[in-house]
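*Asks:* Take a look at the letters that make up each chain.
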Amino acid sequence: MVEPLILEILDRHGRVAQRQKFTRFPVHVGRDYSNDLIVDDEAVSARHLTIEPGPEGGWVVEDLSSENGSYSGLRQRFTLKQIHNDDRVRIGRTQLQFRGVQSAIAPTVLQDGLLWRVSQLLGNVWIMLALLALNVGLLTWGSNTQVFTQIKPSDTAVTAGTLLLGTLLWASIWALLARLLNHRAVLFEYISLGSLLALASLLLQAFEIRLGYLAHDSAPALIVSSLVWLAVMAIMAYLHLKLATALSRRKLYTLIGTGLVVMCGFLLLSSYRDEHTFSRDLPFNNDLQLLPLSVLKVQPAGTFFDDLSDVRDSALQKGKDPD
Amino acid sequence: MSLKTYTFVLHGLRTHLNTLLALFASCVLLCGFSASAAETALADTPQVFRQYKDAVVQIRIMDKRSNNRTALGTGFAVDDAGHVISNFHVISEVVWHPESFRAEAVRANGSVVPLAISGFDVVHDLSLLKLATPLGTHLTLDAGPLDKGTTLYSFGIPLDLDFTIVRGLYNGLLPKSLREQIHFTGAINPGMSGGPTMTEAGRVIGINVATSGNDVGFLVPARYAVALLQQRANAPINSAAQMLKLMDTQLVAEQNALATRLLAAPLTTDTLDHYRTPRDWSDFFRCWSNEEHGEEKRYTSLTMVCGSQSNIFLTEDYETGTVHYSRSYVQGKGLSDLQFAHLYGSQLGVGPRVPDATREDVGNFACNTSFVRQPDGLPLKYIFCLRAHRKLPGLFDAVIMSATLDQTQSGLINRLVLGGVSYDNAVRLGRKFLGAVTWSNH
Chain B
590 MVEPLILEIL DRHGRVAQRQ KFTRFPVHVG RDYSNDLIVD DEAVSARHLT
640 IEPGPEGGWV VEDLSSENGS YSGLRQRFTL KQIHNDDRVR IGRTQLQFRG
690 VQSAIAPTVL QDGLLWRVSQ LLGNVWIMLA LLALNVGLLT WGSNTQVFTQ
740 IKPSDTAVTA GTLLLGTLLW ASIWALLARL LNHRAVLFEY ISLGSLLALA
790 SLLLQAFEIR LGYLAHDSAP ALIVSSLVWL AVMAIMAYLH LKLATALSRR
840 KLYTLIGTGL VVMCGFLLLS SYRDEHTFSR DLPFNNDLQL LPLSVLKVQP
890 AGTFFDDLSD VRDSALQKGK DPD
Chain W
4 MSLKTYTFVL HGLRTHLNTL LALFASCVLL CGFSASAAET ALADTPQVFR
54 QYKDAVVQIR IMDKRSNNRT ALGTGFAVDD AGHVISNFHV ISEVVWHPES
104 FRAEAVRANG SVVPLAISGF DVVHDLSLLK LATPLGTHLT LDAGPLDKGT
154 TLYSFGIPLD LDFTIVRGLY NGLLPKSLRE QIHFTGAINP GMSGGPTMTE
204 AGRVIGINVA TSGNDVGFLV PARYAVALLQ QRANAPINSA AQMLKLMDTQ
254 LVAEQNALAT RLLAAPLTTD TLDHYRTPRD WSDFFRCWSN EEHGEEKRYT
304 SLTMVCGSQS NIFLTEDYET GTVHYSRSYV QGKGLSDLQF AHLYGSQLGV
354 GPRVPDATRE DVGNFACNTS FVRQPDGLPL KYIFCLRAHR KLPGLFDAVI
404 MSATLDQTQS GLINRLVLGG VSYDNAVRLG RKFLGAVTWS NH
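Sequences listed follow chains B and W, in order. Just add 589 to wherever you are in the first sequence, counting from 1, and you've got the numbering used here. Just add 3 to wherever you are in the second sequence, counting from 1, and you've got the numbering used here.
Same shape as in the complex, but just chain B (with noise of 0.2 Å):
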């Protein structure tokens, strides 16, 4: 019994773009119309090699003198060669995967897993035009709270054309990436995932100026909002690097736990630095979005002056001799 033949023709980006089962041999690999496999690349022969059962197993491949050659590895030529389980051979500009039906085959992929979800509701054509649109309206809209002339449609209109078209760039720069690196088609994915990215970064900002009405104070709010960011932007990195990469999961929780540490030495890194700058500011939290103030601690305004020593006891530590 000898032992069947999977042939894989493969893509430039390594994709298998032709399967061909071969039980009965010689098998003719080849351009013209009489060949086993007929292999659509003008720089492949007409009749260009041989495939023959090899006497220990496997397959010895016999180039029948091609005028380009038949190469294994990156440019070994060959005219005779013994081939084994999932070795590949070069002919012309195409690349032909051997397979046995011993090859080893990926994992199932699980449909209820959390990356499938997600990636199958990103990838739902509705959603994300409903996402972009979101993302779109809500950032001019708040983009035009902070302007205090008459809003012109047409400054509208270049707000959110630019949104726009960042989301589809960086949507498109990401989606190359995971054709590239992953095979996989996932552009409405990476336009819902930039939308949301937009409007994280909005909502985390009405959520730092509400943390900071809370707290009456503008440093806890930084502290804590800055931590929901760090969470934020892990989730994202690691949702974008997922989709677009074939890197394991340990591989991806190292990268994106190496570039929080980087990012939150950095935030340490700057906060050292304001702290020994000498400034002028002063520095309080001037938000004044009017909120009802139900919602909020109010004190009466003769206590607010009945210990303001922790004040004081700041400014002294601010004071102390700058070397």
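Hints are computed from structural coordinates only; laboratory data are not their basis. Hints may be right or wrong, so weigh each one.
[Said to hold, decoys possible] Label-pair distances were calculated between CB atoms; the ranges are:
1. PHE855(B) to ALA267(W): 49 to 55 Å
2. ASP286(W) to PRO742(B): 54 to 60 Å
3. SER292(W) to PHE867(B): 32 to 38 Å
4. ALA823(B) to LYS336(W): 30 to 36 Å
5. GLN906(B) to ASP283(W): 35 to 41 Å
6. ASP283(W) to SER859(B): 54 to 60 Å
7. THR271(W) to VAL887(B): 25 to 31 Å
8. CYS290(W) to LEU757(B): 20 to 26 Å
9. ASP286(W) to MET852(B): 19 to 25 Å
10. ALA267(W) to GLY891(B): 45 to 51 Å
11. LEU816(B) to SER292(W): 30 to 36 Å
12. CYS290(W) to VAL887(B): 44 to 50 Å
13. ASP895(B) to ALA267(W): 19 to 25 Å
[Said to hold, decoys possible] Each computed DSBU-like pair below joins lysine-lysine, with the alpha-carbon atoms no more than 35 Å apart:
14. LYS67(W) to LYS394(W)
15. LYS435(W) to LYS909(B)
16. LYS394(W) to LYS909(B)
17. LYS248(W) to LYS151(W)
18. LYS886(B) to LYS336(W)
19. LYS741(B) to LYS336(W)
20. LYS909(B) to LYS248(W)
21. LYS394(W) to LYS336(W)
It should be emphasised that the depicted structure is a prediction, and the values quoted were computed from it without experimental measurement. Idealized CB from N, CA, C, for every residue including glycine.
Dock chain W against chain B, hints included.
*Replies:* Relative to chain B, chain W alone:
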């Protein structure tokens, strides 16, 4: 050559929100250089000059390492023991860095005599120096009253030119000023700082201190020099620590006196739509108003700034003793509530002008904010910020602010800035100032 042009706190005629120090008469302390006008000597002036010029000296501040001059001023002998009066700002380098600078006097005949510091009055910008060898002649200080229009003679070495006499007129004490000064109508110029201004009889009634140009000059009344001479220490002050201790004592006493004065003075209010807000506090504040319109007139900002117009000079870029307060009434016209909230917050964030100081002088600000309700129910955001003076223990610069929160299309911001006050006084004055922001119909 050191050019000490220094702007006094005579704040803007047209005030600007974030730069209180604007266009109002800017005075120049007199130990630098600027353009000078020649004064034609009149018939009796040569006699006055001949008689008193020997009691006047040029004061030079020398850098010890390069043995070169870094500042120039004038001084005059007030007794036979060798005591000389000048300005604090003339010798301030020696006070802050006695290890790097020294003072010396140059007599009219060109001879040089070393000087030591016997004392100073930093609040009134006076210093008391001691000559290593007395001049042999001196002038008499006279704190007595004079009639407006009395002819006076001012001595000094303007622009390092030569010993000079300037004829001018006495125009009384400045009314409505926080720290007393005499208004002298005469051309006093940079380099004449610390020089005597006297009557024809040679009685010194004031010490040259500042000018705002065009013959508008300012003198420190002689009675502060008399007091300084009486309180002098027996031994000269040599160490930086002694100097700082003396300065701190004087500044702490001064801000206590100022706070007492402000706490006792009634703080009047006026009405802005439905708010009552501080207006006049004490007669030494001068106030200016301005109205700004935003782009396309979608908001207006009505501001008022009141300043005490008097600083205490510590170094060229370090001042204290400042008090000023301001308000901004911001109204949106057809802005959305969120747009107004952003506008209002950004106006609050601009903050007032804080006293000049460098990193060596003060630390960074620390702040506390809170949402409060006045007794009448008006909701506000309160902000209280302090920074400590590094070398003057017990003194802080304070910025105290409030912003009303009851309207969605208008808001009133009030700000009080106190330079060089104690924590207790900052709290007391802040409580009084912000307590005056209320609803008008209550």
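*Asks:* Look at each hint and say if it fits the structure.
*Replies:* We went through each hint and held it up to the structure:
no., hint, in the structure
1, PHE855(B) to ALA267(W): 49 to 55 Å, "holds, 53 Å"
2, ASP286(W) to PRO742(B): 54 to 60 Å, "holds, 55 Å"
3, SER292(W) to PHE867(B): 32 to 38 Å, "holds, 33 Å"
4, ALA823(B) to LYS336(W): 30 to 36 Å, "violated, 45 Å"
5, GLN906(B) to ASP283(W): 35 to 41 Å, "holds, 37 Å"
6, ASP283(W) to SER859(B): 54 to 60 Å, "violated, 45 Å"
7, THR271(W) to VAL887(B): 25 to 31 Å, "holds, 28 Å"
8, CYS290(W) to LEU757(B): 20 to 26 Å, "violated, 56 Å"
9, ASP286(W) to MET852(B): 19 to 25 Å, "violated, 57 Å"
10, ALA267(W) to GLY891(B): 45 to 51 Å, "violated, 20 Å"
11, LEU816(B) to SER292(W): 30 to 36 Å, "violated, 46 Å"
12, CYS290(W) to VAL887(B): 44 to 50 Å, "violated, 31 Å"
13, ASP895(B) to ALA267(W): 19 to 25 Å, "holds, 22 Å"
14, LYS67(W) to LYS394(W), "holds, 23 Å"
15, LYS435(W) to LYS909(B), "holds, 30 Å"
16, LYS394(W) to LYS909(B), "holds, 9 Å"
17, LYS248(W) to LYS151(W), "violated, 39 Å"
18, LYS886(B) to LYS336(W), "holds, 30 Å"
19, LYS741(B) to LYS336(W), "holds, 16 Å"
20, LYS909(B) to LYS248(W), "holds, 17 Å"
21, LYS394(W) to LYS336(W), "violated, 48 Å"
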